[in-house]
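Colleague: Order-wise, the sequence lines are chains A and B.
Letter by letter, the first sequence follows residues 1368 to 1797 of our numbering.
Letter by letter, the second sequence follows residues 3 to 330 of our numbering.
Keep in mind that the hints were calculated from the coordinates and are not lab data.
Note that the structure is predicted; figures quoted are calculated from it, not measured.
For glycine and all other residues, C-beta sits at the position ideal for the given N, C-alpha and C.
There could be a bad hint or two in this list.
Stated by the list, open to error - FRET-style restraints, in silico, Cβ to Cβ:
no.	chain 1	residue 1	chain 2	residue 2	range
1	B	L322	A	N1719	52 to 62 Å
2	B	F316	A	G1508	36 to 46 Å
3	A	A1769	B	W194	52 to 62 Å
4	A	N1722	B	K152	49 to 59 Å
5	A	A1771	B	A108	25 to 35 Å
Unchecked claim - With a straight-line cut-off of 25 Å between C-alpha atoms, the simulated PhoX-like cross-links for lysine-lysine are:
no.	chain 1	residue 1	chain 2	residue 2
6	A	K1626	A	K1544
7	A	K1544	B	K317
8	A	K1376	A	K1427
9	B	K152	B	K168
10	B	K317	B	K110
11	B	K168	B	K302
12	A	K1768	A	K1626
13	A	K1765	B	K110
14	A	K1376	A	K1765
15	A	K1544	B	K107
16	A	K1626	A	K1773
17	B	K193	A	K1626
18	A	K1765	A	K1626
19	B	K107	A	K1765
20	A	K1775	A	K1765
21	B	K302	B	K317
22	A	K1544	B	K110
23	A	K1568	B	K302
24	A	K1768	A	K1376
25	A	K1626	B	K107
26	A	K1427	A	K1768
27	A	K1765	A	K1427
28	A	K1740	A	K1402
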Amino acid sequence: MQKWLTLLKERPLAQAALYAAFVVVTALGVYLSDKSVVSFLLLLSSLLLLYYTAFSNGVKWIVGGVLLLIVIPFAASGGASHESYMEVVTQCGIYVAMALGLNIVVGFAGLLDLGFIAFFAVGAYSYAIFSTPQANNFISGQLFPLGGAWFWLFIPIGGLIAALFGVLLGLPVLRVKGDYLAIVTLGFGEIIRLVFNNLSKPVNITNGAMGISSIEPPSLFGYSFTFPHQFYFIVMAILAVVLFAVRRLEHSRLGRSWKAIRENEIAAQAMGIPVIATKLTAFAVGASFSGMMGVVFAAKQTFIDPTSFTLVESATVLVMVILGGMGSVPGVILGAAIVTILNLQVLTELTNWFNQLTLNGVVNIPAALSPSKMQRFIFGAILVLMAIFRPNGLISAKNRKADAEKLKAHRVPAPVPASQSAEQSGGAFK
Amino acid sequence: MISEIIQTLPQVLVDGLALGAVYAVVAIGYTMVYGILEFINFAHGEIFMTGAFVGTAALFLFRSAGWLGGMPGWTAYLLVFMIAMLFTGVMGVGIERVAYRPLRKAPKLISFISAIGVSFLLQDIVRFIADLRTGNFLVTGITLYGGNLKVATSSVWHVFDDAFIKTNTVIVLAAAVLLMIGLDFFVNRTKWGVAMRAVAQDRETASLMSVNVNRVIALTFFIGSALGGGTGVLFAQQYGTIDPYIGFTLGMKAFTAAVLGGIGNIRGAMFGGLLIGLIEMFASANLGIITGGSFGAEYKDVVSFLILIVVLIFKPEGLLGRAVKEKV
Chain A
1368 MQKWLTLLKE RPLAQAALYA AFVVVTALGV YLSDKSVVSF LLLLSSLLLL
1418 YYTAFSNGVK WIVGGVLLLI VIPFAASGGA SHESYMEVVT QCGIYVAMAL
1468 GLNIVVGFAG LLDLGFIAFF AVGAYSYAIF STPQANNFIS GQLFPLGGAW
1518 FWLFIPIGGL IAALFGVLLG LPVLRVKGDY LAIVTLGFGE IIRLVFNNLS
1568 KPVNITNGAM GISSIEPPSL FGYSFTFPHQ FYFIVMAILA VVLFAVRRLE
1618 HSRLGRSWKA IRENEIAAQA MGIPVIATKL TAFAVGASFS GMMGVVFAAK
1668 QTFIDPTSFT LVESATVLVM VILGGMGSVP GVILGAAIVT ILNLQVLTEL
1718 TNWFNQLTLN GVVNIPAALS PSKMQRFIFG AILVLMAIFR PNGLISAKNR
1768 KADAEKLKAH RVPAPVPASQ SAEQSGGAFK
Chain B
3 MISEIIQTLP QVLVDGLALG AVYAVVAIGY TMVYGILEFI NFAHGEIFMT
53 GAFVGTAALF LFRSAGWLGG MPGWTAYLLV FMIAMLFTGV MGVGIERVAY
103 RPLRKAPKLI SFISAIGVSF LLQDIVRFIA DLRTGNFLVT GITLYGGNLK
153 VATSSVWHVF DDAFIKTNTV IVLAAAVLLM IGLDFFVNRT KWGVAMRAVA
203 QDRETASLMS VNVNRVIALT FFIGSALGGG TGVLFAQQYG TIDPYIGFTL
253 GMKAFTAAVL GGIGNIRGAM FGGLLIGLIE MFASANLGII TGGSFGAEYK
303 DVVSFLILIV VLIFKPEGLL GRAVKEKV
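Chain A on its own, in the form it takes in the complex (with noise of 0.2 Å):
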């Protein structure tokens, strides 16, 4: 084995040639086949592994793109159950990019969150109220509900709007640190789900527990989307802006800036990087990744309420940073992506299978042991092992490596040797 995989990694192009067999096989089981969760689940497993070949980074970019937009929508459309595929991508994607989101609070800046699931509410309430009737109740002259087309416009205010109110949490940041701030924004998150499921009176703006519903979906020179595999370009869309963004973000000053806070926030300080507006610079681009996302989601759905978002989907999205790896871009879309599909699809499918066998008398499953209600037990335990054995995640942070020759060669000698300074360089949270 040991030697196949030395052999496999002197040679590129047999790496390549095993990686198209593995793509075109999955693909073509996915196609072929009316509903197999098993060559679904690998043919997304091959972005996995593209991860680990060997190739440059263009090509893993190009070859990655090729997979998400032409190969998957395609090899999915074979089957009958193209919709709940792409369901299933369309919210991978919503959750990668709110787990990116909260990556860049708790991973890069070392804010733990924990009511982060706000900002997706905040961003899917900001459309759902103005593209139903909704809003007559607090403007008046009969203007709303705004037509699909606005769609395109609430994705950047959703995000603004969640940005502001990031901000807003971000306040008390300059005041509170640690585990104290991770039970303020606990109960933020808690008094932004109360107030939307109250907030039907005095005046009806949230409808309050009966949620918002017929919410206007996108619509593009008269075209209207509606199908999960419509979403799923816009999803994908956004999620290129949100990658781009947080790529340049990482290693950009205030990037490192983040870092710095994270490891040491009085010896940051004395560096002159400015504490108060770099870690309110962390939550209102985290907040503003969640707003978006909730635009998407309130479309998609077509109904919202407070349900959707409670303390347990804010955990969810803090399983999918603490599994991937806090800090690590990588591994927080695997992380990510992982628990999406293990709620949405292992589980179901795992509950189903347990359903027929109880119903053809085979074992008697309860239905408390009903795989799907086993949710908070699963991220329990995720949680507390990760913490225990592998607090860097299944893709541990990588700082970037400076050449040391190279830097050597355009600036004059430094008090500290480079070389040392790389050595020196850690993950999170060491």
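Assemble chain B onto chain A, guided by the hints.
Modeller: The following block gives chain B in isolation, referenced to the frame of chain A:
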């Protein structure tokens, strides 16, 4: 408006005190652990919830064994109370051993995440067992003392309405006061109490003075969790119906109480608990009256959480605590 508020004041006071006593005893659990480890035991609310379920299960067991008719109510109450305290105490020690001790040297963020994980695990395990046994995770227990007493406050001052107090409320108050006095005595007067305070002050130095730090921490978890579990029984008796998710909101409010009183300070936690209970009852009775019907009792939790946020931002050392200087 004012007259309406004054009229219901005796009832609000009685209910608020009962609720506040529950918060106070749970808050002590947070405060003890925080005082020693400087770590928020996020799973404490769930330990409270488990205590409520264990107590209720024990009562069901007594009834099905036919003992409940045979013994006087107070014996059953006491027995159930003891069982729940023992169970949750041992559970607390186990949780500390498995989920917190390996992380004692790790960054605080990691141990906090572990605590969140434990609280989710407990919720689902209890949900699972309750669901399996009864087919429903909402459990309505057996109430031992359901009678109502009338407190004739209207004869004190004619503006007041009469207040009604459940017999159980008296027990809750008495039990809470006993637990608090016992704990206060334990921490301030006994050898183990001295050891606890020593570990809280400086773990390394205490271990040099031949204090077994691990054992003291385990004892702290035992006492804190047992108090939480015992209060769970009181809560289940007082309010009748319990579910696996009561621990979260109650835990948050008890934490608010601990912070309000000054976290790490046991007397502060008692004071904060009573205060939060009173404020919450007052808010739930009078928010609608004060705002003219726009915002009703459903905002009472918002009030508690707002208090938490405001206290943490403006007076993080609490009302009775001392400000700690940051170590650099």
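Colleague: Determine for every hint whether it applies to the structure shown.
Modeller: Hints, one by one, checked against the model:
A hinted range of 52 to 62 Å holds for the C-beta pair L322/B and N1719/A, which are about 56 Å apart. A hinted range of 36 to 46 Å holds for the C-beta pair F316/B and G1508/A, which are about 42 Å apart. Evaluation of the 52 to 62 Å hint for A1769/A and W194/B yields a pass: the beta carbon distance comes to about 55 Å. For the hinted restraint 49 to 59 Å between N1722/A and K152/B, the CB-CB distance of approximately 53 Å keeps it satisfied.
Between A1771/A and A108/B the CB atoms are about 31 Å apart, so this pair conforms to the stated range of 25 to 35 Å. A threshold of 25 Å between alpha carbons decides the hint, and for K1626/A with K1544/A the separation of about 16 Å falls inside it, so the pair holds. Only pairs whose Cα atoms come within 25 Å are accepted, and K1544/A paired with K317/B is accepted, the gap being roughly 13 Å. At most 25 Å may separate the alpha-carbon atoms for a hinted pair to count; K1376/A and K1427/A meet this at roughly 16 Å.
A distance of roughly 9 Å separates the Cα atoms of K152/B and K168/B; the hinted pair therefore holds under the 25 Å criterion. A C-alpha spacing of about 22 Å is found between K317/B and K110/B, which places the hinted pair at or below 25 Å, so the restraint holds. Between K168/B and K302/B the CA atoms are separated by roughly 22 Å; this keeps the pair inside 25 Å, and the hint holds. Restraint check: the Cα-Cα separation between K1768/A and K1626/A comes to about 15 Å, which is no more than 25 Å; the hinted pair holds.
Annotation: proposed proximity of K1765/A to K110/B holds, straight-line Cα distance about 21 Å (limit 25 Å). A C-alpha spacing of about 22 Å is found between K1376/A and K1765/A, which places the hinted pair at or below 25 Å, so the restraint holds. For the proposed pair K1544/A and K107/B, the alpha carbon gap of about 19 Å is at most 25 Å, so the pair holds. Simply put, K1626/A and K1773/A have alpha-carbon atoms about 24 Å apart, close enough for the 25 Å limit, and the pair holds.
As the CA atoms of K193/B and K1626/A are separated by approximately 45 Å, the hinted pair breaks the 25 Å bound. Straight-line distance between C-alpha atoms of K1765/A and K1626/A comes to about 12 Å, which keeps the hinted pair within the 25 Å bound. With a C-alpha separation of about 22 Å, the suggested pairing of K107/B with K1765/A holds against the 25 Å cut-off. Between K1775/A and K1765/A, the direct Cα distance comes to roughly 22 Å. Compliance with the 25 Å bound is thereby established for this hinted pair.
Taking the CA atoms of K302/B and K317/B, the gap is near 22 Å; set against the 25 Å cutoff, the hint holds. Restraint check: the Cα-Cα separation between K1544/A and K110/B comes to about 11 Å, which is no more than 25 Å; the hinted pair holds. Taking the CA atoms of K1568/A and K302/B, the gap is about 16 Å. The hint holds against a cut of 25 Å. Proximity of K1768/A to K1376/A is assessed by CA-CA distance (about 22 Å); at most 25 Å being required, the pair is judged to hold.
Taken as a hint, the K1626/A and K107/B pair is honoured in the structure, with Cα atoms around 21 Å apart against an allowance of 25 Å. A C-alpha spacing of about 19 Å is found between K1427/A and K1768/A, which places the hinted pair at or below 25 Å, so the restraint holds. Simply put, K1765/A and K1427/A have alpha-carbon atoms about 18 Å apart, close enough for the 25 Å limit, and the pair holds. For the given pair, K1740/A sits about 24 Å from K1402/A by alpha-carbon distance, which is consistent with the 25 Å threshold.
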